[in-house]
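Protein chains: 2
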Amino acid sequence: MNRLQIIQANAFHSPKYGKIEFLENVLFCVDAKGVIQDIIHTDHPDYLQVLASAKEAGNLQTYPKGSYLLPGFIDLHVHAPQWPQAGVALDRPLYDWLNQCTFPLEAKYADLNFAREVYTDLVHQLLQRGTTTVLYFGSIHSDSCLELAKACIQQGQRGLVGKVVMDDPKQNPEYYRDSSTQEALAETERFILKMLELNQSAPQGVYPVVTPRFIPSCTDEALKGLGELAQKYDVHIQSHCSESDWEHEHVHTRFGKTDSQALHDFGLLGKKSVMAHCTFLGEDGAKLFAQTGTAIAHCPISNAYFGNSVLPTASLQKLGVDIGLGTDISGGFSPSLYDNLKQAVISSRMLEDGVDSTKPPEERGLADSRISIIEAFWHATTGGGKALSLPIGQFKKEFAFDAQVVQIDSQNKPYTMPDFGLFNSEEEILQKILYLATPQMIREVWVQGKKVYTNH
Amino acid sequence: MNRLQIIQANAFHSPKYGKIEFLENVLFCVDAKGVIQDIIHTDHPDYLQVLASAKEAGNLQTYPKGSYLLPGFIDLHVHAPQWPQAGVALDRPLYDWLNQCTFPLEAKYADLNFAREVYTDLVHQLLQRGTTTVLYFGSIHSDSCLELAKACIQQGQRGLVGKVVMDDPKQNPEYYRDSSTQEALAETERFILKMLELNQSAPQGVYPVVTPRFIPSCTDEALKGLGELAQKYDVHIQSHCSESDWEHEHVHTRFGKTDSQALHDFGLLGKKSVMAHCTFLGEDGAKLFAQTGTAIAHCPISNAYFGNSVLPTASLQKLGVDIGLGTDISGGFSPSLYDNLKQAVISSRMLEDGVDSTKPPEERGLADSRISIIEAFWHATTGGGKALSLPIGQFKKEFAFDAQVVQIDSQNKPYTMPDFGLFNSEEEILQKILYLATPQMIREVWVQGKKVYTNH
Numbered sequence: 001m002n003r004l005q006i007i008q009a010n011a012f013h014s015p016k017y018g019k020i021e022f023l024e025n026v027l028f029c030v031d032a033k034g035v036i037q038d039i040i041h042t043d044h045p046d047y048l049q050v051l052a053s054a055k056e057a058g059n060l061q062t063y064p065k066g067s068y069l070l071p072g073f074i075d076l077h078v079h080a081p082q083w084p085q086a087g088v089a090l091d092r093p094l095y096d097w098l099n100q101c102t103f104p105l106e107a108k109y110a111d112l113n114f115a116r117e118v119y120t121d122l123v124h125q126l127l128q129r130g131t132t133t134v135l136y137f138g139s140i141h142s143d144s145c146l147e148l149a150k151a152c153i154q155q156g157q158r159g160l161v162g163k164v165v166m167d168d169p170k171q172n173p174e175y176y177r178d179s180s181t182q183e184a185l186a187e188t189e190r191f192i193l194k195m196l197e198l199n200q201s202a203p204q205g206v207y208p209v210v211t212p213r214f215i216p217s218c219t220d221e222a223l224k225g226l227g228e229l230a231q232k233y234d235v236h237i238q239s240h241c242s243e244s245d246w247e248h249e250h251v252h253t254r255f256g257k258t259d260s261q262a263l264h265d266f267g268l269l270g271k272k273s274v275m276a277h278c279t280f281l282g283e284d285g286a287k288l289f290a291q292t293g294t295a296i297a298h299c300p301i302s303n304a305y306f307g308n309s310v311l312p313t314a315s316l317q318k319l320g321v322d323i324g325l326g327t328d329i330s331g332g333f334s335p336s337l338y339d340n341l342k343q344a345v346i347s348s349r350m351l352e353d354g355v356d357s358t359k360p361p362e363e364r365g366l367a368d369s370r371i372s373i374i375e376a377f378w379h380a381t382t383g384g385g386k387a388l389s390l391p392i393g394q395f396k397k398e399f400a401f402d403a404q405v406v407q408i409d410s411q412n413k414p415y416t417m418p419d420f421g422l423f424n425s426e427e428e429i430l431q432k433i434l435y436l437a438t439p440q441m442i443r444e445v446w447v448q449g450k451k452v453y454t455n456h
Numbered sequence: 001m002n003r004l005q006i007i008q009a010n011a012f013h014s015p016k017y018g019k020i021e022f023l024e025n026v027l028f029c030v031d032a033k034g035v036i037q038d039i040i041h042t043d044h045p046d047y048l049q050v051l052a053s054a055k056e057a058g059n060l061q062t063y064p065k066g067s068y069l070l071p072g073f074i075d076l077h078v079h080a081p082q083w084p085q086a087g088v089a090l091d092r093p094l095y096d097w098l099n100q101c102t103f104p105l106e107a108k109y110a111d112l113n114f115a116r117e118v119y120t121d122l123v124h125q126l127l128q129r130g131t132t133t134v135l136y137f138g139s140i141h142s143d144s145c146l147e148l149a150k151a152c153i154q155q156g157q158r159g160l161v162g163k164v165v166m167d168d169p170k171q172n173p174e175y176y177r178d179s180s181t182q183e184a185l186a187e188t189e190r191f192i193l194k195m196l197e198l199n200q201s202a203p204q205g206v207y208p209v210v211t212p213r214f215i216p217s218c219t220d221e222a223l224k225g226l227g228e229l230a231q232k233y234d235v236h237i238q239s240h241c242s243e244s245d246w247e248h249e250h251v252h253t254r255f256g257k258t259d260s261q262a263l264h265d266f267g268l269l270g271k272k273s274v275m276a277h278c279t280f281l282g283e284d285g286a287k288l289f290a291q292t293g294t295a296i297a298h299c300p301i302s303n304a305y306f307g308n309s310v311l312p313t314a315s316l317q318k319l320g321v322d323i324g325l326g327t328d329i330s331g332g333f334s335p336s337l338y339d340n341l342k343q344a345v346i347s348s349r350m351l352e353d354g355v356d357s358t359k360p361p362e363e364r365g366l367a368d369s370r371i372s373i374i375e376a377f378w379h380a381t382t383g384g385g386k387a388l389s390l391p392i393g394q395f396k397k398e399f400a401f402d403a404q405v406v407q408i409d410s411q412n413k414p415y416t417m418p419d420f421g422l423f424n425s426e427e428e429i430l431q432k433i434l435y436l437a438t439p440q441m442i443r444e445v446w447v448q449g450k451k452v453y454t455n456h
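Taken in sequence, the protein lines are chains L and V. The opening position of the first sequence corresponds to residue 1 in the UniProt record's numbering, with each subsequent residue numbered one higher. The opening position of the second sequence corresponds to residue 1 in the UniProt record's numbering, with each subsequent residue numbered one higher.
This is chain L alone, in the form it adopts within the complex:
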């Protein structure tokens, strides 16, 4: 037992969609690799003995009343270089936003020092908000993408990082694009190899991701080559898919088929693929995603600005599509998945009820579209783990011990939740955490069995 850490705590997680499981005062037994070896419940015959020996050995972690563990959140879509512009310029049209703000900003990451400064802060900010795993878009610059992976290693976050490919000279500005298709593919391969090397020193995992920005910015040759690289190294793939009216139309005009079908034909869909937005995926696209095991990074805040519509989460879920949540920094302003959880629920209700009060109720919305906050919680945790095909997002044997410790108690704390001895069932406590927690209430964050952040 000596090499195990024992963490005694109350915890919530959601192994099954729409359901929560409350683990009351359990003992998490975490091995030296940061993996949960066992979860011992209070009624287990060994409970007291394991507790006593951990106390004696000095490897017991306990928490005061009012503390709850949640699985670390999994953010499936972050444009790391866009962090400096989070919250600004969101009133501009997409084209201006990209060309006047985003692309000039991303071009700055040719500077490794700038990259290091921004990425160090971003990783910290995401950890502070309980996010333990992130699927990152970098910029086109492989070396600054490696800086992002190093920031993850240094701070203990699990990071999946992609060097962005955007090679089509007709679609991308000269100051910010891959210098050629060959170069884009060669740099991607070099990046993959460097990342596999870095991963050796990262117990929590840092993984390379094949990352065509989206079909409109890439040549056919690049897309084909990236599909082949992903297969060769068996690595993750990410891109944007069917995000807006414009993107949807663009791909249809170019290939005479949908975005999802085109991605599939380039070998870019599969169990390790995560596609952002997908608001215009449609039923055929959904079936293709379900068949291939491709997941959606649902970014509800960003979709309100650039997605032209709401992702029909409830119906996609029924079709068997894997769905997780993404902040989409900086198309989405917030670095917090809590904010996106809430917006996922709100947007789903607005899809169900409709938005235009001049229309009669039956024409206004789309019935049976709402999801609950507990379902959104599943997307931010279990769903994210499934999307990435990694053993994360749940408190479960053989899964990584990734957790955020939320303290809702009012004792000497500046930010508290309403209590008054009411609405304190297990599910209500979790609802209050998800709806009302402020960043300040996230007291600790653990990744792969290691405490990587504390704010007390």
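Since the hints were made in silico from the structure, they are not lab data. Wrong hints could be hidden among the right ones.
[Claimed, not checked] List of simulated lysine-lysine pairs, DSSO-like, C-alpha gap at most 30 angstroms:
1. K359/L with K232/V
2. K359/L with K318/V
3. K257/L with K318/L
4. K287/L with K271/L
5. K65/V with K397/V
6. K224/V with K318/L
7. K65/V with K108/L
8. K257/V with K359/L
9. K257/V with K224/V
10. K232/V with K271/V
11. K359/V with K359/L
12. K359/V with K287/L
13. K397/V with K65/L
14. K257/L with K359/V
15. K271/L with K257/L
16. K287/L with K232/L
Fair warning: this is a prediction, and the values are worked out from it, not measured in the lab.
Starting from the known structure of chain L, fit chain V onto it as the hints suggest.
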């Protein structure tokens, strides 16, 4: 000059809809009544002298770099007794939510000790989030509503408080309704008189508000009597108006006219009237509101759960209707107007773009519906002041000095905003504050020239 406090600071406000004004390093001269007597800009010939004498007299307040003053936010719709259930049960239909959770909870406020405990916490929580003025619904119990006013006085918040009237035995549960119409009106009048008395000891103002819950819960006689009381004492009026498909239909069936017209005919619309939600107000209702000076409390988070639609803010604004923002605790889960500001923008964009991706763009949304974050900021400040017909919400001579001090600087602070020397125009700084500030960044709150909250 001796009796003046001098506050030297950078400040943002929005005297004109859609525009911001940045006051750089100005001197706010605030008199003993907490009113702004003057705002001295750096280029004014007296600037240095006023600064020097304030320093000498020891009545100068300064702030470190990275601090910005915003007007205190004005929350136009809070159900104070519902604070204990914020964030819970939002997945239930409105009828169950009211009858199983809300009404039983509100009935508990017959207990003054319980009222005192909850209201003390609620006022504190709202102040922590920069909210300096609140238009509160209480419960049916006059004495516990007076406890709410006392909590405001004790903590220095400006509170407008209504004893709720719901007298119709056919529409309200026996355990939670006014015992008779006469009693409802007599209690309202007693409450008004007590509040006018309490107001004597509250420099920031605590005001009585005539508060029929909404038309469906009141008899004709009560509505008429309340209109008369409001006129007799020249006090504020609040209620709900055209909130949902159900309410809209109910009133139409009962009176053969719209909710707004019915309220008007009972003498309940006017310059001091604020009506919550109004999602189904329609163009005729909007014109009536504009004519009478009646304001809308726009509650974008709550509307996503119970409003069945989005308030068409942009078009109502063009019709000249006064609009401010409300959290609608606990139909809205969040005690923060920051969250509602952001949702106001998001909801407006979803109204413009539509929500159902299976429809073509031209049928999906309603053109020209979006508002900007700067326009939403106006609603939370200047708009709220206009709605209440009080000199608040702007930094302006003869206005109350109500401010929140937001510190975005990274020096030794746990929560910071992205900077990196980019996107730092005045408007971009304000956008970042509005989109990214956490409660922790609100370092001080001032009401009527008095510092009523600090977190440092």
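What's the verdict on K232/V and K271/V, does the C-alpha distance respect the 30 angstroms limit or exceed it?
Within the cut-off at roughly 15 angstroms; holds.
Between K65/V and K108/L, does the CA-CA distance stay at or below 30 angstroms?
This hinted pair holds, its Cα atoms lying about 27 angstroms apart.
Taking only the CA atoms, is the gap from K359/L to K318/V under or equal to 30 angstroms?
holds (21 angstroms)
For K287/L and K271/L, compute the direct alpha-carbon distance and say whether it is at most 30 angstroms.
Measuring from Cα to Cα gives roughly 14 angstroms; hence the hint holds.
Straight-line alpha-carbon gap K271/L to K257/L, limit 30 angstroms:
Roughly 22 angstroms separates the two Cα atoms, so the pair holds.
When you check the alpha-carbon spacing of K359/V and K287/L, does it fall within 30 angstroms?
Holds, at roughly 20 angstroms.
Restraint check for K287/L with K232/L, where alpha carbons must lie at most 30 angstroms apart
holds (26 angstroms)
Is it true that the CA of K397/V sits at most 30 angstroms from the CA of K65/L?
violated (49 angstroms)
For K257/L and K318/L, compute the direct alpha-carbon distance and say whether it is at most 30 angstroms.
Roughly 24 angstroms separates the two Cα atoms, so the pair holds.
Need the status of pair K257/L, K359/V: alpha-carbon distance at most 30 angstroms?
Holds, at roughly 19 angstroms.
30 angstroms Cα cutoff - pair K359/V, K359/L
holds (14 angstroms)
Tell me if the straight-line CA distance from K224/V to K318/L falls inside 30 angstroms.
violated (52 angstroms)
Checked against the numbered hints above, the structure breaks hints 1, 6, 13 and satisfies the rest.
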